[in-house]
Every structure is written in structure tokens, then in C-alpha cells.
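These protein sequence lines are chains A and B, in that order.
For the first sequence, the residue numbers in numbering that gives the first Met the number 0 are 0 to 91.
For the second sequence, the residue numbers in numbering that gives the first Met the number 0 are 0 to 192.
Just so you know, these hints were derived from the structure itself, not from any lab.
Note that CB positions come from ideal geometry on N, CA and C, so glycine has one too.
Where hints are given, some of them may not hold.
Computed spacing ranges between beta-carbons, pair by pair [said to hold, decoys possible]: (1) B:S121 x A:V36: 40 to 46 Å; (2) A:R35 x B:S161: 52 to 58 Å; (3) A:I81 x B:A102: 27 to 33 Å; (4) A:W14 x B:A50: 35 to 41 Å.
Partial selection, computed: residues in chain B whose CB lies under 7 Å from chain A [to be verified]: (5) A16; (6) A19; (7) W21; (8) G25; (9) L34; (10) L63; (11) T65; (12) I67; (13) I69; (14) Y73; (15) G167; (16) H176; (17) D179; (18) I183; (19) L191; (20) I192.
Partial selection, computed: residues in chain B whose CB lies under 8 Å from chain A [claimed, not checked]: (21) A22; (22) V28; (23) G32; (24) V40; (25) A43; (26) V52; (27) L56; (28) I58; (29) L60; (30) L120; (31) V122; (32) A125; (33) T128; (34) V180.
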Amino acid sequence: MNEPKTHPAAPRYAWVFVALVALTGLEVGASYLPSRVRVPLLLLFAGAKALLVVLYFMHLRFDNRIYAGLLLIGLLLVSPLILIVALIIPAG
Amino acid sequence: MAELQAETAFVPQRENAKLAVWAFLGGEVVFFGTLILTLIVFRAREAAAFAEVRTLLSIPLVGLNTFILILSSYLVVRALGAIRAGRQRSLLWHLAGIFVLGALFLGGQALEWSTLLAEGLSVKSAFGTPFFAITGLHGTHVLVGLIWLVYVIVLALRGRFSSVSYLGVETFGLYWHFVDVVWIVLFTLFYLI
Numbered sequence: 000m001n002e003p004k005t006h007p008a009a010p011r012y013a014w015v016f017v018a019l020v021a022l023t024g025l026e027v028g029a030s031y032l033p034s035r036v037r038v039p040l041l042l043l044f045a046g047a048k049a050l051l052v053v054l055y056f057m058h059l060r061f062d063n064r065i066y067a068g069l070l071l072i073g074l075l076l077v078s079p080l081i082l083i084v085a086l087i088i089p090a091g
Numbered sequence: 000m001a002e003l004q005a006e007t008a009f010v011p012q013r014e015n016a017k018l019a020v021w022a023f024l025g026g027e028v029v030f031f032g033t034l035i036l037t038l039i040v041f042r043a044r045e046a047a048a049f050a051e052v053r054t055l056l057s058i059p060l061v062g063l064n065t066f067i068l069i070l071s072s073y074l075v076v077r078a079l080g081a082i083r084a085g086r087q088r089s090l091l092w093h094l095a096g097i098f099v100l101g102a103l104f105l106g107g108q109a110l111e112w113s114t115l116l117a118e119g120l121s122v123k124s125a126f127g128t129p130f131f132a133i134t135g136l137h138g139t140h141v142l143v144g145l146i147w148l149v150y151v152i153v154l155a156l157r158g159r160f161s162s163v164s165y166l167g168v169e170t171f172g173l174y175w176h177f178v179d180v181v182w183i184v185l186f187t188l189f190y191l192i
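Please model the complete structure; the sequences and the hints are all you need to start from.
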């Protein structure tokens, strides 16, 4: 069994919050770029923001790995479908 | 015997509710993932319609709404920290703040919807169908979160949480953060890309 590690102190949460707000600002700025640059950049920013919330605010980095496993099962079920459709549809 | 069971379980038995919430969130990933899949199909088939509507969307308003939801998520973390330190009053203030921010988010979404409908965006259009369905389902999740939050506030007012008993705050927080994560993805897919 994985024992939960110590939760981070309040200042670290404040930094995560600042990073989330900064990334949101960058996203809004990036939305005015040409689509070739915009799309990968925005997906990267959104992924980084989602990871910050899940790992720190939801404590997944410090909690029992069973919880991460449950979330991962959902992701593993749906992400191949999204990937396949995203690759097939524009060509079809 | 009970102690033995608690030690051999995958998670401590006192955290069964937390395990259930994580299992539920795993299902929610599939639910919203499927909706995003639908959005990708709509977007690929109706690229022109999506590009046209993009000029109607108010990025500053939705950006502000995104900030509101992120701030509410931060307050959830602070609320949990407050009750872990045994600060009941601070917990209540933070929970009240989360409620106000959640209500503001829904108000912002209602304002955006009414503006778009007034500008002629149809629910039956290629953009309107996935947009209203998916953001509506997300908004419903926020509303459910607010109802859950009222219950948590009532429990907090009755002094049901303490520095050693705060699972009710923690499980609500997991749900609220997840709703925030979903919005992070939707904000990118609908408004920015």
C-alpha cells in the first residue's frame, strides 16, 4: 500500500495558483497566433494547467496511487478513441 | 479484526468515500472525453461554421470566468488547509467564497449564452449544438457542485469538521477541482483554438 506523502505547504499552493493564472494569460495571448503555432501551443498550456490542478490541488502527487489509477483507467479508455478520431476525421 | 482489515485494505477504510469519489471521477473522464470526441467530429466537419462563430465569442468575458473558477479551486485548497489546522471560522469564510465564485461563474455563463442567442447563434447550428450541450453539461456540474457545497457549509456550521475529521471537505474539493479541469480543456477547445 502506498502511504500518502506529506501535503505541500500553503505557499506552494499559492505558486500553483499564480502559475495557473499566468498560463491562462499566455493562452489568451496565444489564441491570436496563426493556427499552425496556436494549436500545439494551446494544447500544451491546457495540458500543463490540467496537470497542475490534478497533481497539486487534487493532491494526486502526494496521495495513494490507487486514486491515480482510477483516473488513469478513465483516461486510457477514452484517449485512444479521441486520438483515432482526431487522426481519421480530417482525412475523411 | 477491524484494525487488521483496515491495514490490509487498498486504502484506509476511513477514506472509502474518497475512493468512491475518485472512481466516480474516472467515469466522468470517460463522460466528458466522449463529449470532446463529439466536438472534434463537429469541428472537423464544420470548420467554416466554427471559424465564423469565433468572432462572436467574448474571450475577455470567458477568460475572466476561467480566472474565477481557478480562484475558486485555490480557495478549496485553502479551505482544506484551514480545517486541517482546526480553523473552523476560516473554513467557513473560504467555503462562502467558493460559493460566491461558483455562482459568479454560472452568472457569467448565463450572460454569455444570452448574448450569443441574441446575436442569432442557434442551438441547432453546427457550432451551437456541441457548444450549448457541452458547456451546458459542464454548467450543470458546477450547479451540482454548488448544491453539494451548501451541504458542506451546513455541516461546517454545525461543527462537523475538525483538524482530524475533514473528509467531507476533501471529497467535495476533489469534485470541484475536476470541474475546474474540465473547464480548462473546454476553454481551450471552444474559445482559443
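Hints, one by one, checked against the model:
| no. | hint | verdict |
| --- | --- | --- |
| 1 | B:S121 x A:V36: 40 to 46 Å | 32 Å, violated |
| 2 | A:R35 x B:S161: 52 to 58 Å | 55 Å, holds |
| 3 | A:I81 x B:A102: 27 to 33 Å | 32 Å, holds |
| 4 | A:W14 x B:A50: 35 to 41 Å | 37 Å, holds |
| 5 | A16 | 12 Å, violated |
| 6 | A19 | 10 Å, violated |
| 7 | W21 | 4 Å, holds |
| 8 | G25 | 4 Å, holds |
| 9 | L34 | 10 Å, violated |
| 10 | L63 | 10 Å, violated |
| 11 | T65 | 6 Å, holds |
| 12 | I67 | 11 Å, violated |
| 13 | I69 | 5 Å, holds |
| 14 | Y73 | 4 Å, holds |
| 15 | G167 | 16 Å, violated |
| 16 | H176 | 5 Å, holds |
| 17 | D179 | 6 Å, holds |
| 18 | I183 | 5 Å, holds |
| 19 | L191 | 4 Å, holds |
| 20 | I192 | 5 Å, holds |
| 21 | A22 | 5 Å, holds |
| 22 | V28 | 3 Å, holds |
| 23 | G32 | 3 Å, holds |
| 24 | V40 | 6 Å, holds |
| 25 | A43 | 4 Å, holds |
| 26 | V52 | 14 Å, violated |
| 27 | L56 | 10 Å, violated |
| 28 | I58 | 6 Å, holds |
| 29 | L60 | 11 Å, violated |
| 30 | L120 | 19 Å, violated |
| 31 | V122 | 23 Å, violated |
| 32 | A125 | 14 Å, violated |
| 33 | T128 | 16 Å, violated |
| 34 | V180 | 5 Å, holds |
Consistency note: the structure conflicts with the earlier hints numbered 1, 5, 6, 9, 10, 12, 15, 26, 27, 29, 30, 31, 32 and 33.
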